[in-house]
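Residue strings, one per chain:
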Amino acid sequence: AQSVSQHNHHVILSEAASLELGCNYSYGGTVNLFWYVQYPGQHLQLLLKYFSGDPLVKGIKGFEAEFIKSKFSFNLRKPSVQWSDTAEYFCAVNAGEYGNKLVFGAGTILRVKS
Amino acid sequence: EAGVVQSPRYKIIEKKQPVAFWCNPISGHNTLYWYRQNLGQGPELLIRYENEEAVDDSQLPKDRFSAERLKGVDSTLKIQPAELGDSAVYLCASVSGHSSYNEQFFGPGTRLTVL
Numbered sequence: 001a002q003s004v005s006q007h008n009h010h011v012i013l014s015e016a017a018s019l020e021l022g023c024n025y026s027y028g029g030t031v032n033l034f035w036y037v038q039y040p041g042q043h044l045q046l047l048l049k050y051f052s053g054d055p056l057v058k059g060i061k062g063f064e065a066e067f068i069k070s071k072f073s074f075n076l077r078k079p080s081v082q083w084s085d086t087a088e089y090f091c092a093v094n095a096g097e098y099g100n101k102l103v104f105g106a107g108t109i110l111r112v113k114s
Numbered sequence: 115e116a117g118v119v120q121s122p123r124y125k126i127i128e129k130k131q132p133v134a135f136w137c138n139p140i141s142g143h144n145t146l147y148w149y150r151q152n153l154g155q156g157p158e159l160l161i162r163y164e165n166e167e168a169v170d171d172s173q174l175p176k177d178r179f180s181a182e183r184l185k186g187v188d189s190t191l192k193i194q195p196a197e198l199g200d201s202a203v204y205l206c207a208s209v210s211g212h213s214s215y216n217e218q219f220f221g222p223g224t225r226l227t228v229l
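Protein sequences, first through last, are from chains A and B.
The letter at position 33 of the first sequence is residue 33 when you use the working numbering, and the numbering goes up by one with no holes.
Here the working numbering = 1-based position in the second sequence + 114.
What the hints contain is simulated information worked out from the structure, not anything from laboratory work.
Note that the structure is a prediction, hence the values are computed from the model and not measured.
Think of the CB as a built atom: it goes at the ideal place given N, C-alpha and C, for glycine as much as any other residue.
One should not assume that every hint holds.
To be verified - Derived CB-CB ranges, DEER-like: (1) HIS9/A / ALA168/B: 29 to 35 Å; (2) LEU46/A / ASN165/B: 31 to 37 Å; (3) GLN131/B / LYS69/A: 35 to 41 Å; (4) LYS113/A / SER180/B: 44 to 50 Å.
Whenever a hint applies, use it, and build me the whole structure from the sequences.
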């Protein structure tokens with residue numbers, strides 16, 4: 001069965017610090033990879049996604065993620081975080097057949113101190 | 115464009131009671147999902163609809179959970195009877211088309227507390 005592992009459940013950073021959230025998945029075939037974010041009091045929304053081509057994907061609000069196939073990883077990065085990046089971040093993998101079936105990681109809660 | 119609408123937002127019931135959740139997807143989205151999110155975990159798929167057909171309900175606990183999507187638009191998820199372990203956030207999501215890389219749009223969820 002597919003599984004997604006997120007390395008840290010809680011991360012606390014000061015503003016302007018760099019961010020990297022780890023994500024590893026277990027599936028040997030073709031995958032589509034996603035990062036979703038949930039800001040306090042809001043619903044889940046897409047941050048960025050990868051399905052083919054350039055393994056370095058850029059998303060909204062200055063976030064990017066790199067797909068490393070050999071490591072089964074899709075880590076999320078941001079060079080300089082802001083207080084408004086405080087949220088919960090979920091990595092998700094779609095390795096299903098026809099149709100969408102996302103498998104989510106447990107999430108990482110990021111708190112940015114101002 | 116209106117997003118995915120869910121109601122109620124919060125529900126508190128006693129165990130063994132029935133409960134129902136309602137979802138209205140984004141207009142034109144033919145694929146609808148119900149997820150359950152337990153505390154400290156990511157969402158887990160319960161059931162996926164393509165129009166009015168349930169195409170993946172392998173993770174739906176069918177002894178107590180049921181769902182329907184009449185006319186391929188709104189959907190209702192029911193639990194009867196509820197158990198303590200059903201306390202969670204129930205999320206509805208919808209997507210346009212069938213591609214595995216299309217974005218899923220999520221509703222705000224219904225937070226269920228079973229006492």
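Problem - Violated hints, by number in ascending order, as checked against the structure - result: Going through the list in order, the structure violates hints 2, 3 and respects the others.
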